[in-house]
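Student: Residue numbers (my numbering), protein chains in the order written: chain F, 1 to 391; chain U, 1 to 109; chain R, 1 to 322.
Since the hints were derived computationally from the structure, they do not count as laboratory data. Computed from a prediction, not measured in an experiment: that's the story for all the values here. Incorrect hints may have been included.
Said to hold, decoys possible - Each computed DSS-like pair below joins lysine-lysine, with the alpha-carbon atoms no more than 30 Å apart: (1) Lys157(F) <-> Lys89(U); (2) Lys291(R) <-> Lys175(R); (3) Lys19(R) <-> Lys157(F); (4) Lys18(R) <-> Lys47(U); (5) Lys25(U) <-> Lys103(R); (6) Lys14(R) <-> Lys103(R); (7) Lys89(U) <-> Lys7(R); (8) Lys107(R) <-> Lys89(U); (9) Lys14(R) <-> Lys89(U).
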Amino acid sequence: MGQRVGLEVSLACSEAAKLANVDVIAAYPITPQTHIVEHLSELVADGDLDAEFVPVESEHTAMSACVGSSAAGARTFTSTASQGLALMHEILFIASALRLPIVMAVANRSLSGPISIWNDHSDIMAERDIGWIQYFAENGQEVLDLTLAAFKIAEDKRVLLPVAVNLDGFVLTHVIEPIEMPDQSEVDAYLPSFEPQQKLDIAHPISMGMVGMPEVYTEAKKACLDALEKSYSVIREHWDGFAKQFGRQYKPIESYKTEGADVLFVTMGSLGETCMTAVDEMRAQGLKVGQVRIRMWRPFPADDFMAAIKGAKSLVVMDRALQPGAVSGPVATELKSLLYDKGQSIFVSNFVIGLGGRDVTRADFANMAKKTMEAQSAGKEIACEMWGVKE
Amino acid sequence: MADSGMQSWKSLALGCAMTEPGSSKRFNTGDWRSRRRPVTDREACIKCGRCYILCPDMCYSADPKAEGFYNWDSFYCKGCGICIVECPKDAISWQEEKEEDKYGPACGS
Amino acid sequence: MNNIAAKALENFEKITAKKMPLIEPLSKGHRACQGCGEVLAMRLAAKAVGEGLIAVSATGCMEIISSPYPQTAWECPWIHVAFENAAAVASGVEAGRKALIRKGRIKDDGAKVVAFAGDGATADIGLQALSGAMERGHDMTYICLDNEAYMNTGIQRSSSTPYGAMTTTTPPGKKSKGQVTWKKNMPMIIAAHNVPYVATASPAWHLDLMNKVKKAVTVPGPAYVHIYAPCPTGWRCAPEQALQTAKQVVECRMFPLYEVIDGRFVLTKDIKKPISIEEYFKAQRRFRHLKQEDFEYIQKRVDWDYERLLALVKATNPEPAE
Numbered sequence: 001m002g003q004r005v006g007l008e009v010s011l012a013c014s015e016a017a018k019l020a021n022v023d024v025i026a027a028y029p030i031t032p033q034t035h036i037v038e039h040l041s042e043l044v045a046d047g048d049l050d051a052e053f054v055p056v057e058s059e060h061t062a063m064s065a066c067v068g069s070s071a072a073g074a075r076t077f078t079s080t081a082s083q084g085l086a087l088m089h090e091i092l093f094i095a096s097a098l099r100l101p102i103v104m105a106v107a108n109r110s111l112s113g114p115i116s117i118w119n120d121h122s123d124i125m126a127e128r129d130i131g132w133i134q135y136f137a138e139n140g141q142e143v144l145d146l147t148l149a150a151f152k153i154a155e156d157k158r159v160l161l162p163v164a165v166n167l168d169g170f171v172l173t174h175v176i177e178p179i180e181m182p183d184q185s186e187v188d189a190y191l192p193s194f195e196p197q198q199k200l201d202i203a204h205p206i207s208m209g210m211v212g213m214p215e216v217y218t219e220a221k222k223a224c225l226d227a228l229e230k231s232y233s234v235i236r237e238h239w240d241g242f243a244k245q246f247g248r249q250y251k252p253i254e255s256y257k258t259e260g261a262d263v264l265f266v267t268m269g270s271l272g273e274t275c276m277t278a279v280d281e282m283r284a285q286g287l288k289v290g291q292v293r294i295r296m297w298r299p300f301p302a303d304d305f306m307a308a309i310k311g312a313k314s315l316v317v318m319d320r321a322l323q324p325g326a327v328s329g330p331v332a333t334e335l336k337s338l339l340y341d342k343g344q345s346i347f348v349s350n351f352v353i354g355l356g357g358r359d360v361t362r363a364d365f366a367n368m369a370k371k372t373m374e375a376q377s378a379g380k381e382i383a384c385e386m387w388g389v390k391e
Numbered sequence: 001m002a003d004s005g006m007q008s009w010k011s012l013a014l015g016c017a018m019t020e021p022g023s024s025k026r027f028n029t030g031d032w033r034s035r036r037r038p039v040t041d042r043e044a045c046i047k048c049g050r051c052y053i054l055c056p057d058m059c060y061s062a063d064p065k066a067e068g069f070y071n072w073d074s075f076y077c078k079g080c081g082i083c084i085v086e087c088p089k090d091a092i093s094w095q096e097e098k099e100e101d102k103y104g105p106a107c108g109s
Numbered sequence: 001m002n003n004i005a006a007k008a009l010e011n012f013e014k015i016t017a018k019k020m021p022l023i024e025p026l027s028k029g030h031r032a033c034q035g036c037g038e039v040l041a042m043r044l045a046a047k048a049v050g051e052g053l054i055a056v057s058a059t060g061c062m063e064i065i066s067s068p069y070p071q072t073a074w075e076c077p078w079i080h081v082a083f084e085n086a087a088a089v090a091s092g093v094e095a096g097r098k099a100l101i102r103k104g105r106i107k108d109d110g111a112k113v114v115a116f117a118g119d120g121a122t123a124d125i126g127l128q129a130l131s132g133a134m135e136r137g138h139d140m141t142y143i144c145l146d147n148e149a150y151m152n153t154g155i156q157r158s159s160s161t162p163y164g165a166m167t168t169t170t171p172p173g174k175k176s177k178g179q180v181t182w183k184k185n186m187p188m189i190i191a192a193h194n195v196p197y198v199a200t201a202s203p204a205w206h207l208d209l210m211n212k213v214k215k216a217v218t219v220p221g222p223a224y225v226h227i228y229a230p231c232p233t234g235w236r237c238a239p240e241q242a243l244q245t246a247k248q249v250v251e252c253r254m255f256p257l258y259e260v261i262d263g264r265f266v267l268t269k270d271i272k273k274p275i276s277i278e279e280y281f282k283a284q285r286r287f288r289h290l291k292q293e294d295f296e297y298i299q300k301r302v303d304w305d306y307e308r309l310l311a312l313v314k315a316t317n318p319e320p321a322e
């Protein structure tokens, strides 16, 4: 039975890593992730967490050191955002190819240029293809819970893939929320210590990071792809296990007031909470709207999503990143390709919203729904529209 | 270029790791040698061990039957000639070698 | 000021011809060129480290020739991640092991984390990661195998390419004489990080090389060994001459052999009667285009650098008080 405290969400993230008894943290500070790593280094300095805190000289080194540490068999954690995530880019692919269960908290922040320290999803959207498990937290409790669960999922021998836990920069990282802190004994019951399947060990020498000739590269990628796809059921299993141990259930797709809804908003991350309030207001006015929240982003939970939107006549898909030159934003592109494969002729509008930390209000949601319904009746498409651009 | 994989993706080790240390020993680098091989004159050899320690391909190993002398490994020798240059007594020299005799008996026995 | 290295080396057991470790952490069948001086240097270093070697390779010749899937030439644990991060990966392996040993999850098997990287991966793209690792004080050894260009990608220049050398990106032509900058002094850069042990080595003095590597892994904290690695393929010299070039480069003073032990400069060999740099250049076609004025400039600069080194030796080894 945990203790309920008011805690800055960044610190809740660090506390999750502490509860997980991580062995190594290799991280480089970048706004708005700084409080996460600062708190971890405090915990280490005071002996509250027995870990090696490696104050690396860049994010590229942070991820490289995480790869080395995880390969040595240590439970490894890091955190970054924006430019830092971009700087790690090259190594992120290698981390998943080497099947290393690194956990990383991404404090979602806009990518330069122009330089912006504020929240959107462009940083993680630029990393869709890294082969990591990726999911989104919507509030402080979720940040703690999902970070903790990430270790269990990553280290499961059926998975052995790194996990990125996304939390919105400033919007979550820098707010104080009520968080129920689990007891260490509860966590230990849920999360045993890391037993690597293979590691750098002079007693059992292996070579990691081989040259992948054309004769093997495709199969190597297939093996990783298979692991990512199969991780879906392990994620479900461990989220269900989390619910049993701690009483909070997480699902790949969350639904809100979808029964009888004609129009469904589709959101990811903390934007979803504003949206839920907007849905309440619109429902009170008699509008048949609801919301679907994507929590699991990679692997994409296709069946869960299709089930969640059943019966709806249109989707208002929110993207918090651009996909310049493409038909629509990253999330909308994903959903539309899924819908096409499933033969669904549901109307989809796509709005790119909340870039660079711009607020998204309840009125915005109401207007997006209105615009969507109007376009649908007029037979017009909204393939991708940047919302609220000052002309 | 192969248009198909060398092995089933299911048979790959985790992360494509190589779990058999030193498996390169299966590879016949001696095939790279062309028309000549180094041969040691044991009369001239002073057992200094330079050929053993300076061969980039570890082709010299202690002769268990003749202490101090070294056997040469034709399966791996690439024919670089470092041993010939570095032998302080010029005890190693080139000998012509036909392709079909490449893997004949090791020298010096 | 500190004596971390000195203390650790108090009962140092030297490798000699009679006390030669027989272990070969690098196995036969690797795909290095005939006469590759770099793989020889790596072989010697690996032997010197011995049983406890955990090798971290940067992308480059040594990584490619030792890991052609499905085969590996490594008998010890080995990891390769990317080009510029051998030092970063090694520092992560070290930190991971340190934590696991302290927390009682693995026993202290005395393994030594050693990074192997070429001059490109060390002096250029990997300089940041190396500097960071050295500054943070990880218990690791970093070995730079210096063949003076980006050989694996086809002989392009690095900041470790010597002045005047021909490479594919510093080709001599009507408007150029080849590499126009002086070789970056990596050992001195690392010495400025105040690590307990820095050394330079050449495979022509193979026992010296092995002992320096053994010292490097014996000394706690970061250690750096810069090894001259002849590349007949890239330098256009005969493969059998690989070790002769490794001898001449020292004898002409272009690559002095020394150690920096707790900040104290110790000369391995004082070359009192150097051979001329032209003598050294003769066997390598990469210098063929140079003219007399180039030799003069290079000779002057080599002498100047050598005098500076001697001054550092003098300055850090004060005469005992009367």
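Student: Against this structure, judge whether each hint is valid.
Tutor: Quick rundown of the hints versus the structure:
About 59 Å separates the Cα atoms of Lys157(F) and Lys89(U), which puts this hinted pair outside 30 Å; it is violated. The straight-line distance between the Cα atoms of Lys291(R) and Lys175(R) is roughly 14 Å, inside the 30 Å bound, and the hint therefore holds. Restraint check: the Cα-Cα separation between Lys19(R) and Lys157(F) comes to about 45 Å, which exceeds 30 Å; the hinted pair is violated. At most 30 Å may separate the alpha-carbon atoms for a hinted pair to count; Lys18(R) and Lys47(U) meet this at roughly 11 Å.
Restraint check for Lys25(U) and Lys103(R): the C-alpha separation of about 38 Å exceeds 30 Å, so the hint is violated. Distance hint between Lys14(R) and Lys103(R) is unfulfilled; the C-alpha atoms sit about 34 Å from each other, more than 30 Å. This hinted pair does not check out: Lys89(U) and Lys7(R) have alpha carbons roughly 41 Å apart, beyond 30 Å. The hinted pair formed by Lys107(R) and Lys89(U) fails the criterion: a straight-line CA distance of about 48 Å is larger than 30 Å.
Under the criterion of a C-alpha separation no larger than 30 Å, the hint pairing Lys14(R) with Lys89(U) is consistent with the structure, at around 26 Å.
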